[in-house]
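Colleague: Using the sequences and the hints, build the whole thing.
Residue numbers (my numbering), protein chains in the order written: chain A, 4 to 435; chain B, 4 to 435; chain C, 4 to 435; chain D, 4 to 435.
It should be emphasised that the hints constitute simulated quantities derived from the structure, not laboratory data. There could be a bad hint or two in this list.
No copy is singled out in the list; a pair is fine if it fits within one copy or between any two copies.
[Claimed, not checked] When the alpha-carbon atoms are kept at most 25 Å apart in a straight line, the in silico DSS-like pairs for lysine-lysine are as follows:
no. : residue 1 : residue 2
1   : Lys210    : Lys282
2   : Lys210    : Lys148
3   : Lys419    : Lys123
4   : Lys148    : Lys418
4 protein chains.
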Amino acid sequence: MTDMPIDPSVIESDNAERSTGFEADFAALGEQLERCGVAIDTIVKAVRDFTVAVPSWGVGTGGTRFARFPGPGEPRGIMEKLDDCAVIHQLGRSTPSVSLHIPWDRTDPAALKDKAQSLKLSFDAMNSNTFQDHPDDPKQPLSYKFGSLSHADEAVRRQAVEHNLDVIEFGQAIGSTAITVWIGDGSNFPGQVDLLRSFERYLESAKAIYGALPEDWRIFTEHKMYEPAFYSTIVQDWGTNLLIAQELGPKAYCLVDLGHHAPNVNIEQIVSRLIFARKLGGFHFNDSKYGDDDLDTGSIDPFRLFLVFNELIEAGEALERLDPAHMIDQSHNVTDPIESLIRSADEIRRAYAQALLVDRVALREYQDANDPMMASECLKQAFRTDVTSILAKARIMDGGAIDPIAAYRASGYRKKVAIERPEVKGGGGGIV
Amino acid sequence: MTDMPIDPSVIESDNAERSTGFEADFAALGEQLERCGVAIDTIVKAVRDFTVAVPSWGVGTGGTRFARFPGPGEPRGIMEKLDDCAVIHQLGRSTPSVSLHIPWDRTDPAALKDKAQSLKLSFDAMNSNTFQDHPDDPKQPLSYKFGSLSHADEAVRRQAVEHNLDVIEFGQAIGSTAITVWIGDGSNFPGQVDLLRSFERYLESAKAIYGALPEDWRIFTEHKMYEPAFYSTIVQDWGTNLLIAQELGPKAYCLVDLGHHAPNVNIEQIVSRLIFARKLGGFHFNDSKYGDDDLDTGSIDPFRLFLVFNELIEAGEALERLDPAHMIDQSHNVTDPIESLIRSADEIRRAYAQALLVDRVALREYQDANDPMMASECLKQAFRTDVTSILAKARIMDGGAIDPIAAYRASGYRKKVAIERPEVKGGGGGIV
Amino acid sequence: MTDMPIDPSVIESDNAERSTGFEADFAALGEQLERCGVAIDTIVKAVRDFTVAVPSWGVGTGGTRFARFPGPGEPRGIMEKLDDCAVIHQLGRSTPSVSLHIPWDRTDPAALKDKAQSLKLSFDAMNSNTFQDHPDDPKQPLSYKFGSLSHADEAVRRQAVEHNLDVIEFGQAIGSTAITVWIGDGSNFPGQVDLLRSFERYLESAKAIYGALPEDWRIFTEHKMYEPAFYSTIVQDWGTNLLIAQELGPKAYCLVDLGHHAPNVNIEQIVSRLIFARKLGGFHFNDSKYGDDDLDTGSIDPFRLFLVFNELIEAGEALERLDPAHMIDQSHNVTDPIESLIRSADEIRRAYAQALLVDRVALREYQDANDPMMASECLKQAFRTDVTSILAKARIMDGGAIDPIAAYRASGYRKKVAIERPEVKGGGGGIV
Amino acid sequence: MTDMPIDPSVIESDNAERSTGFEADFAALGEQLERCGVAIDTIVKAVRDFTVAVPSWGVGTGGTRFARFPGPGEPRGIMEKLDDCAVIHQLGRSTPSVSLHIPWDRTDPAALKDKAQSLKLSFDAMNSNTFQDHPDDPKQPLSYKFGSLSHADEAVRRQAVEHNLDVIEFGQAIGSTAITVWIGDGSNFPGQVDLLRSFERYLESAKAIYGALPEDWRIFTEHKMYEPAFYSTIVQDWGTNLLIAQELGPKAYCLVDLGHHAPNVNIEQIVSRLIFARKLGGFHFNDSKYGDDDLDTGSIDPFRLFLVFNELIEAGEALERLDPAHMIDQSHNVTDPIESLIRSADEIRRAYAQALLVDRVALREYQDANDPMMASECLKQAFRTDVTSILAKARIMDGGAIDPIAAYRASGYRKKVAIERPEVKGGGGGIV
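Modeller: Okay, structure coming up:
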């Protein structure tokens, strides 16, 4: 028996209000696509099949080194986080799985599984944490101030490896089949670490984790140009990430977080190169204007998001073999996190649907004929298509809301949990 | 009577060990400079006269949104912070003043002045804070989550203005004559704020603060491209900063924080333009590789620091009229903050001394003759000069240490305060 | 009597093929907008009234310092350039004016005016050129290698000023009322020029030009971060540009070229600030991914272009008083320049139409209520609207083509001029 | 018998003037280093052994897409270019080899070898060119406008491969043992090329070149983020470059051009990673502030150059096995190219000498003890050392000039060739 957090009648009632407009838009778009030889139902079906995981930490309000401004009803533990995740999926129908972060989300695995099942949720990739100290945890007596998997001291490295093995063990108990390893190791000053030796130490540690992976598991390593380390990071870009995946072996893949690159970098080309190398493991979706801003996916440069999906569709079978993981990884500093996650999942499906609309036969002809004008317009035409009604159709067919944010607001969920969950005071920088 | 934190015999003893090498280096440099027509004593004198303020918050360990790793002996209040600042000045002899941050440093003004006097310290520009909430402060009942001086709600703006007036009042009581206003206002999404209206609200608030400035005070506004706001900030660059200073009036000046610019920006040219506009108010010194990294001044790109000082020297009398304020503003995440501040003050004096060595008559001739090769070499030659012994000489003459970091380590100060000041647990992101 | 380059029957015939689809799309969009309380005809009318100038140099193939690859039928002089511009306007109906570049476009003014009239074209802002040498021009005996308006040598500065006065005189003869001054002055090495003195020289020269402006003329100065100078440029950003416009007087305004900024810079905020300062003079439209790439407007980041227009619409009456100039300024290296200009003018109108669709009453409410989610979605909803049929409607009503690029290809114009205009051999870098 | 371009008496005479100062500086530095346990003669010897190649195209004045401003006495062919290269080496004694660019430098190989021998020069890596069209060359009938090695058309790819094979053959005839392949392939618009397929075509072509490499040859591929292609380049970063070297085989290595990276990228870490992967092939040295500015090496960020050499020294034996190639690759737009190349070679040796001065035993201890302050200072101390007199000593011992630029100016070489080589008129963008 399930225990969905939003009363279905709220969704029905909100949908009813919007159905006339929605039906008209969907019909008009269907006709327009038909004139281009595209059956709208095919797109709807593909969209329904496309899902993305939400991070457990994403339902809490994030912050910066300067401050964190929590909102009402912040979840106080993994069980409440799962409730919030269930709201997102109930309304949006595209986020059936949750990615956990240990140590924060550690609890009794059986209870976790029961809770998830009751909410129709499952668990995606596990995330370990060795970029913070937890002085009260008896398993973490040593500090990560100067690194973890690449630390100069073998004892710290061992502690960090052990933590990852624990996370894998926990993940097995709840049905996860992957671990994402992102670490804060690096340096703030030229000379602080030996760039070569610290990388060798990292590899040695990563190999110890890799060696303990269950048969059906994958390990995702994640590159990040800077922050929290400000002169060098141990996995600074996809080149190093690729080297790592090559050194580790066939179960190791590279994770691409959209916000972790140098200014101006062509991210969709990195995606293409990782597909070529058969090492694309998946994505952490978000958007950014300056650095690793961790803003809502698609909110700053929606065309860039579309171009990433264009590469994925273009790759065709090669991608299917890779089966990349999709996860949102954002920091919600000024919005209701539930709303941001609903919206972002929608933007991801939007980019996916638009990429499906690209006329690939025509595109290839333009490319082979050196016709950059028409090739460019071929992509732009797909991007310009307003697929909002396709996304809504996919949600409706799965029991979700036409306008999930409106339905969420109508439900009064936030007000309810604001009462049930006493306010959390102050707090410094958020964890994202 | 003063109460210096380091036993003078420690300095004397450390200096004694190093004096032979130092004397030889100083003599050799003196001869080399003499061959170029420069009297080394002139440079030493100028260096002795050049000072820079340290920020009270700089003596605590900083952090990022991911974590903060405090070190032993963290100061627990403004009085202990002043002790640490006194160590820096006693050894380095270039940082006689401290810049306070309210609310953290608020205490009885008379006690503060006494303490400072006993340590031979004075107070530089005051810093207000409206980028964090202080829910326990009865004067701050309203949240700054969505802005302060530019907030949509007039009541929040008024609260923020009042806070600044309080800071000025407090500053007057301890002998400060300037206030630096940096705020976190801005937006994370296109559309979140109206760029024009929010700027007008900011100006209205800033004018209210300006109107309350004592006769002999200056107000410094500070631009910052991003963080904590990630789509727009209210004072995003020097252009907006200039507009503000123009709107406010003759006591308003622009502060340049070296880390607050877009990638690749020519900062020394901004300095030159602000001198032209007679609105250069001063500096927040630090260094950075990626964003607003707040690393130790001169640690990443020492030539850039030199070029900033080259503009200051070049400006000559025009600069004297402006009398810009110099302050270090860094985040010390992995070093002992006292050591970083000693070193950074030294790097600032180094750049200043090197800039003094530029042969300005020759430079002007090269410039007017369109000889970029020799003009470029003219600067490089000054920059290449190892002025370490000049800096040491200036310190010695004022009672400081030849090698202040070595003397600091020899003094055992950190070990001592680590015992006196019980460890502060955990903590999230640091405040910088 | 006019002499339009494309046979109207080509347009009619191409339109006929597309009219069914277009009518269906336009009707569906009209209904959708009506549900939101927007009358589609109002938008169509506004779009018809919105025009943008094309640059005479834009109809030739551009290049880079590495190579230029001309295409067939390159125009060999201003008269042929005007023919090409007429094609763009005949099909797209949004580019009735041409911006000239002197010395290249200098010819008999009366003949120029006649030619333009016969093509239903007029002349926009004039562009002077002091970033290249023209050794065969008796009026340009001195080299601009080391600068023009800011050159160390007064004789060079005078030559550059005289050139600008000539351009104004020529512009008066053909009905222009503005001059755009962009120069390549700057330096490649720290020290090469004195940043302050060279700026003062620039201002002196600019004042001499300003003093010669006819009563009804405006002068636009243009900032650019780098290239061709690689260490400093004389007008490096909007802050310096603002200083210049303030120094010169009420007829001086700042021109914003979208490609001339540092990485990550928020351009729409600069637009907003220049509106506040009443100094926004206009735009050079283009798009870019890395530096001043001069790619087709809207081809890389269409949302950014939309956000610029969002600021313009938001400014309302304040903008009307400024009456900013709109010009495309791009380098067409791999496309047929005519096609790129048709497409780009269309993208500009698209962004304008989308910005008109923003529900400004709702937006203001969201802003004042600190509801970043809905404010952000309010803009995104307008941006997502596929206004293609609105743009087509505006063209049709003015006699243009539903799909102007298709009609252009159907017309065979490029093949025709390829025969009439013998191929230009080789050539080094292009001028943009 | 050799035929050196500068009369040795000029060097002797200039050296004589400077010898007193030089001797004093060298002696003082020797004493200072001795106090640190370093024998200055060891450093001098190492510096004498360190050489760097100059590019044949570097002795001509470069330019931008906007203009090129040639200077007096521009070399009109490869023989005159060799004369200029000989001047650089005669004075600076660090540039005994020249890197040629085909087709420009193609001539009778035997004559070339004779000429080089008479000037005591040899030949470094060859450079092919498929980023420009040469319509008059019967071997290049097809255009590279839309690519070369990755072109959609197999015939163009074959032409480009054939050109590279020709270059190798020519290189063999003159004693070269390496080819550097940099191409301009890429795209200006999303969609223009299929990122995956075009890379596969590139690899196929590269393999054809690789297959034809003589036994003792190496192939260097070079990455570049952008320009002349502005949306994607085929070898955009070191990650792709690494993939290529891995796909090609053991004779394939990655070349690092310091100017070809995204803003803020940590280049020294890329060097470290390529050493780890055993694929570092060598360097193209230059400096930059904004994009691929191609400014004089060390003129903008000398500390960054030092940090690159620090990695090379740190790598020790691993580097010796790689034996990386060193070449200057700059564009001299406003300086006398001979002077810029002399200065740049000097800056490279300076960074090398400074890197040799790092106390590596101490550094390792600081790193292992997590002492970032002292580790950072350890590097800075080496960097601060003014090794000018070491560089002069190395030159003197090999017959060069104490101040090679001064000696060059004293020689009157430029004036002489300005008469012998009639001025080249105009010219568009330069080739760099």
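Colleague: So, for every hint listed, does it hold in this structure?
Modeller: Evaluated hints:
{"no.": "1", "hint": "Lys210 to Lys282", "in the structure": "both (17 Å within a copy, 22 Å between copies)"}
{"no.": "2", "hint": "Lys210 to Lys148", "in the structure": "within (22 Å within a copy, 44 Å between copies)"}
{"no.": "3", "hint": "Lys419 to Lys123", "in the structure": "within (21 Å within a copy, 57 Å between copies)"}
{"no.": "4", "hint": "Lys148 to Lys418", "in the structure": "between (39 Å within a copy, 19 Å between copies)"}
Going down the numbered hints, you'll see the structure goes against none, and every one checks out.
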